[in-house]
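Per the numbering used here, the sequence shown starts with residue 1352, numbered consecutively.
Hints in this document: simulated from the structure, not taken from any laboratory. Being a predicted model, the structure only gives us computed values, none of them experimental. Hints may contain errors.
[Claimed, not checked] No more than 30 angstroms apart at the CA atoms, straight line, and that leaves these computed lysine-lysine pairs for DSSO-like:
id : residue 1 : residue 2
1  : K1362     : K1377
2  : K1377     : K1359
3  : K1377     : K1394
4  : K1363     : K1377
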Amino acid sequence: MQRKKMYKNIKKRRTDADGLYAVIEKRVINGYVIALHISVNTKH
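Turn these sequences into a full structure, and let the hints steer you where they fit.
Below, the structure written as structure tokens:
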């Protein structure tokens, strides 16, 4: 019973970490796209 509970907690923590990484990745991609747009706009 205890082991099952521990495994559940580990699984939950892993999904939280994955969610956090996804958010960071999305922000990085968005920031990169915005920077790209700005650089293109300043060239013209």
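List of violated hint numbers, smallest to largest: none
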